[in-house]
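S.K.: Here are the chains, one letter per residue:
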Amino acid sequence: EAGVAQSPRYKIIEKRQSVAFWCNPISGHATLYWYQQILGQGPKLLIQFQNNGVVDDSQLPKDRFSAERLKGVDSTLKIQPAKLEDSAVYLCASLPRLKRPQETQYFGPGTRLLVL
Amino acid sequence: ELKVEQNPLFLSMQEGKNYTIYCNYSTTSDRLYWYRQDPGKSLESLFVLLSNGAVKQEGRLMASLDTKARLSTLHITAAVHDLSATYFCAVGIILIQGAQKLVFGQGTRLTINP
Numbered sequence: 028e029a030g031v032a033q034s035p036r037y038k039i040i041e042k043r044q045s046v047a048f049w050c051n052p053i054s055g056h057a058t059l060y061w062y063q064q065i066l067g068q069g070p071k072l073l074i075q076f077q078n079n080g081v082v083d084d085s086q087l088p089k090d091r092f093s094a095e096r097l098k099g100v101d102s103t104l105k106i107q108p109a110k111l112e113d114s115a116v117y118l119c120a121s122l123p124r125l126k127r128p129q130e131t132q133y134f135g136p137g138t139r140l141l142v143l
Numbered sequence: 128e129l130k131v132e133q134n135p136l137f138l139s140m141q142e143g144k145n146y147t148i149y150c151n152y153s154t155t156s157d158r159l160y161w162y163r164q165d166p167g168k169s170l171e172s173l174f175v176l177l178s179n180g181a182v183k184q185e186g187r188l189m190a191s192l193d194t195k196a197r198l199s200t201l202h203i204t205a206a207v208h209d210l211s212a213t214y215f216c217a218v219g220i221i222l223i224q225g226a227q228k229l230v231f232g233q234g235t236r237l238t239i240n241p
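If you're matching them up, the sequences are chains G and R in order.
So the first sequence is numbered by our numbering: it starts at 28 and just counts up by one.
So the second sequence is numbered by our numbering: it starts at 128 and just counts up by one.
By construction, these hints were calculated from the structure, which means they are not laboratory data.
Misleading hints may appear alongside valid ones.
Under 8 Å between C-beta atoms, here's a sample of chain G residues computed to sit facing chain R [as the list claims (entries may be wrong)]:
| hint | residue |
| --- | --- |
| 1 | 78 |
| 2 | 82 |
| 3 | 84 |
| 4 | 92 |
| 5 | 135 |
Stretch-level coverage of chain R by chain G, calculated; a stretch enters the list once three of its residues show a Cβ under 8 Å from a Cβ in chain G [said to hold, decoys possible]:
| hint | stretch |
| --- | --- |
| 6 | 168-174 |
| 7 | 211-222 |
| 8 | 232-238 |
Take a look, some chain G residues computed to stay more than 12 Å from chain R by CB distance [stated by the list, open to error]:
| hint | residue |
| --- | --- |
| 9 | 38 |
| 10 | 42 |
| 11 | 46 |
| 12 | 47 |
| 13 | 51 |
| 14 | 79 |
| 15 | 83 |
| 16 | 97 |
| 17 | 103 |
| 18 | 105 |
Predicted model only: the values in this text are computed from it and were never measured.
From the three backbone atoms N, C-alpha and C, an ideal C-beta is built for every residue, glycine too.
Bound conformation, chain G alone:
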């Protein structure tokens, strides 16, 4: 079974530029998560999708971050414009079914963003 795929793996941009990240979850996984992991900290949930609907985006900085999951499969996360404090690893995770706590999230390799 293929894992969660993310691209690009690394991205360097200047502040005020825009950037987009892509995630392809494990086939058949209905739930998709985007996390931000700042160096030395634990992952922080930005947004959670169930199929193509948003379940929780309470911690997404909506003035600059946006995310979509068209057709309930792939997802993109965009930052526009980027700030220095957005430098982090952006992790995508997926889950087979929404209401089965015994199942664990599967994480992708992450996209490492550096904003200069």
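Based on the hints, put chain R in the right spot on chain G.
M.R.: Leaving out everything else, chain R in the frame of chain G:
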């Protein structure tokens, strides 16, 4: 706001020794997850604990959950170098829609020296 605190944040130990990582959380939950992260890598699931008194063991690692104390522990027995990594606990929180979100601790960076 839910807080998940791990202790210690940094741990350096010798091979063959035993040690425990603690995970305290500030709200009621009976769902606790442990993950491992190697440098530059993503997160790998270790344990899922879903009830008070739950105990899971895999090799030299054993995790337990006390929901009344809002405490989970990850115990390392006779540590070996391969266990060097950062360990995260995460608390499962049920959303209104019945979905679950995870709130992670800060992580414990474990270094095991020969």
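S.K.: If a hint holds in the structure, say so; if it doesn't, say that too.
M.R.: Status of each hint after checking the structure:
1. 78: For residue 78 (chain G), the interface hint is violated, since the closest Cβ of chain R sits about 11 Å away, which is over 8 Å.
2. 82: With a closest approach of 5 Å, the residue 82 (chain G) hint holds.
3. 84: 11 Å, violated
4. 92: 17 Å, violated
5. 135: 6 Å, holds
6. 168-174: With 5 residues in contact (Cβ-Cβ under 8 Å with chain G), the coverage given for the stretch 168-174 of chain R holds.
7. 211-222: holds (count 4)
8. 232-238: holds (count 3)
9. 38: Non-interface label on residue 38 (chain G) holds, nearest chain R Cβ at 15 Å vs cutoff 12 Å.
10. 42: Since the minimum Cβ distance to chain R is about 24 Å, residue 42 (chain G) lies beyond 12 Å and the statement holds.
11. 46: 19 Å, holds
12. 47: Check passes; 20 Å lies beyond 12 Å.
13. 51: Residue 51 (chain G) clear of chain R: closest Cβ-Cβ about 14 Å, beyond 12 Å.
14. 79: 14 Å, holds
15. 83: 6 Å, violated
16. 97: Per Cβ check, residue 97 (chain G) is outside 12 Å of chain R; nearest 20 Å; holds.
17. 103: With a cut-off of 12 Å, residue 103 (chain G) remains clear of chain R, as the shortest Cβ separation is near 19 Å.
18. 105: Check passes; 21 Å lies beyond 12 Å.
Of the hints listed earlier, those the structure fails to meet are numbers 1, 3, 4, 15, in rising order.
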